[in-house]
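Trainee: The residues making up each chain are set out below.
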Amino acid sequence: MADERNAWLDHDVAERLLRGDRVDLPTPVDPGDFGASAERARRLAEALAAVRAAHAPQPAPGRELPGEEAALAAFRAGRQTAAGSEAARGAELGPVRLGAGARRPSARRPGWARGMRWGLAASVAGLAVGGVAVAAGTGVLPVLGKGAEPLPAATVSVEPAPSDSAAPARPTETGTGRPADPEAPKAPERRRPPVSSPPGPSTGSQEREPGRPRPGATDPADPAPERTEEDEEPGGTDPGAGGSEQPRPSVGANWLERTVQACRDYRSGKLDNGRKAALESDAQGRANIERFCDRLLDGPSGDGGGAGSGLPSSGLPGSGWGSGGGKGDGGKGGGGGRGDAPARGREGSAARPFISPRPAVPALTSALS
Amino acid sequence: MLGDDAELTAAVLAAQDGDENAFRAVYRAVHPRLLGYIRTLVGDADAEDVASESWLQIARDLGGFSGDADRFRGWTARIARNRALDHLRMRGRRPAIGGDETELTDKPAESDTADEAMEALATGRTMNLIAQLPQDQAEAVILRVVVGLDAKSAAETLGKRPGAVRTAAHRGLKRLAELMDPGGRAASGGVTDPAGPLEGVPPQRRQRVGSMARTGVTHWRSRTQKEL
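Chains as they are written, first to last, in full-length UniProt numbering: chain U, 1 to 369; chain B, 1 to 228.
No lab work stands behind these hints, which were simulated from the structure alone.
Keep in mind that this is a model prediction, so the values were computed, not measured.
All C-beta atoms, glycine included, are put in the ideal place defined by N, C-alpha and C.
Heads up, a few of these hints could be off.
[To be verified] What follows is a set of in silico ranges between Cβ atoms, one per label pair, in the way DEER data are often shown:
id, chain 1, residue 1, chain 2, residue 2, range
1, U, K276, B, M90, 48 to 56 Å
2, B, D68, U, R286, 17 to 25 Å
3, U, R291, B, N21, 23 to 31 Å
4, B, D86, U, P59, 32 to 40 Å
5, B, D5, U, Q284, 23 to 31 Å
6, U, S268, B, S52, 49 to 57 Å
Bound conformation, chain U alone (with noise of 0.2 Å):
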């Protein structure tokens, strides 16, 4: 086959042939060769040269192009749109940009579509973890099942979410008011104990009334409020003992908390590798630590503080849902499902939909503290 003529282009010299890097042959092997290889080389590659040269723009700044006046009138066109637009979209988060701190109010202009785009991702999102939250609801999902042992973190944390949402499947028990609020932000280790384990609902109450303490006992960090909010859920929604207990909400809301707080560390240099390991799966790649940890913590307040999603598709706070589906609305099923809203009206105003909304409550100090 006529291959053999040409065995000097293997891959690595195709690569750079195609890169425009200069091409040295080494020598022949095939002593008949007589340097025909070599000089189909330099042929191929001043051929490549010669297109590429072709083809390359005009040194800046340059002269006019054929068209550029019709895509420089749509591009004025386009900012026209988006300024006028901007007034109407509510909080949206800044889109990223190499350098985005400083440019923010400006960048944000042409980026309505994206706020809703993460609003739409946001509502299907929801719905698709609702009904991920039935199905753990009713015991179909073996994962989310009567494990009592401690999940490791990196499990928790993708965890959060389809557990949040199993909440209104039950409706006595609400997150056990560990609401993923950074407002309250609160030692992320605290809640893995009660986090990890999501008993299925006959068990759960059992397990928390007696367990509550031990995770705070556990937890050397802030057991006071721990056990305060804890213990104000039962209060608040189990007027028996504490029926079905949610550890799964708590799953959520301890996400969200857990990984403010993770991120804090992160920035202030003093993360360990287990929570490190769990950032980096919430962000998608440890390159993405810092923009998730940016919007996580740096997000518009509205939200108070962003639906951290912990789902896959987005490795993003759901600040942006705040313009999207995510307002806490009933609709989400992960959302206004839970139980009591009069117990704690504030969780309307929380635009999380999977994260337990109730925001912390450190002034309600439960008798049981």
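Given chain U, put chain B in place with the hints provided.
Mentor: Chain B only, in chain U's frame:
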């Protein structure tokens, strides 16, 4: 190239902020290669129209883009590709490249010097050869060489795995090398002519002159920078 990338990255950012001069700079930096790519897809006649449509979308969606120069080139190429394919689809046509029936028309562009004319001729010939490759190979080569994308951006533009695009590009080059070998020596099994083809401008092996492309006529007119 590094300096060009940094400049383009900065220009994109400034344009996103509303700087019109920056947008012009972006246009001038990107359009020539983009147009070259579009021409390989839809042919010369419609290339300008498709390019205009592409820039409308680019300008409209500019705010939603984030990334560096490489990504930007890939992003604009993707937009151009979609517009081109839509254009073809609406007319029931197929891409200009990848067809055996592509008409080879070497019309040297108006050029000032004989050198430029020769160069244009050579470029046109090479493009004609590339146009004879299977479409996936031709596109992979064109995105790398004409548009100047790196392997990663080329894959993203095509929506394929990087490995697949790399393989296609390498095969394309291989075939291109074979096509470029002058004289009908394809059948020269193991014997290599030591004299070798050392002419300055390699003659074509096979001229498919006069055959009409099934999508319409594709004239590849070599263009020099002056035209662009």
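Trainee: Hints first: check each against the structure and report whether it holds.
Mentor: These are the hints, each one checked on the structure:
Remark: the range hint 48 to 56 Å for K276(U) to M90(B) is upheld by a beta-carbon distance near 51 Å. Between D68(B) and R286(U) the beta carbon distance is about 19 Å. The supplied range of 17 to 25 Å therefore holds. Between R291(U) and N21(B) the Cβ separation comes to about 29 Å, which falls inside the hinted range of 23 to 31 Å. As the Cβ distance of D86(B) to P59(U) is approximately 33 Å, the hint placing it in 32 to 40 Å holds.
With their beta carbons about 26 Å apart, D5(B) and Q284(U) fall inside the hinted range of 23 to 31 Å. The hinted range of 49 to 57 Å is satisfied by S268(U) and S52(B), whose Cβ atoms lie roughly 51 Å apart.
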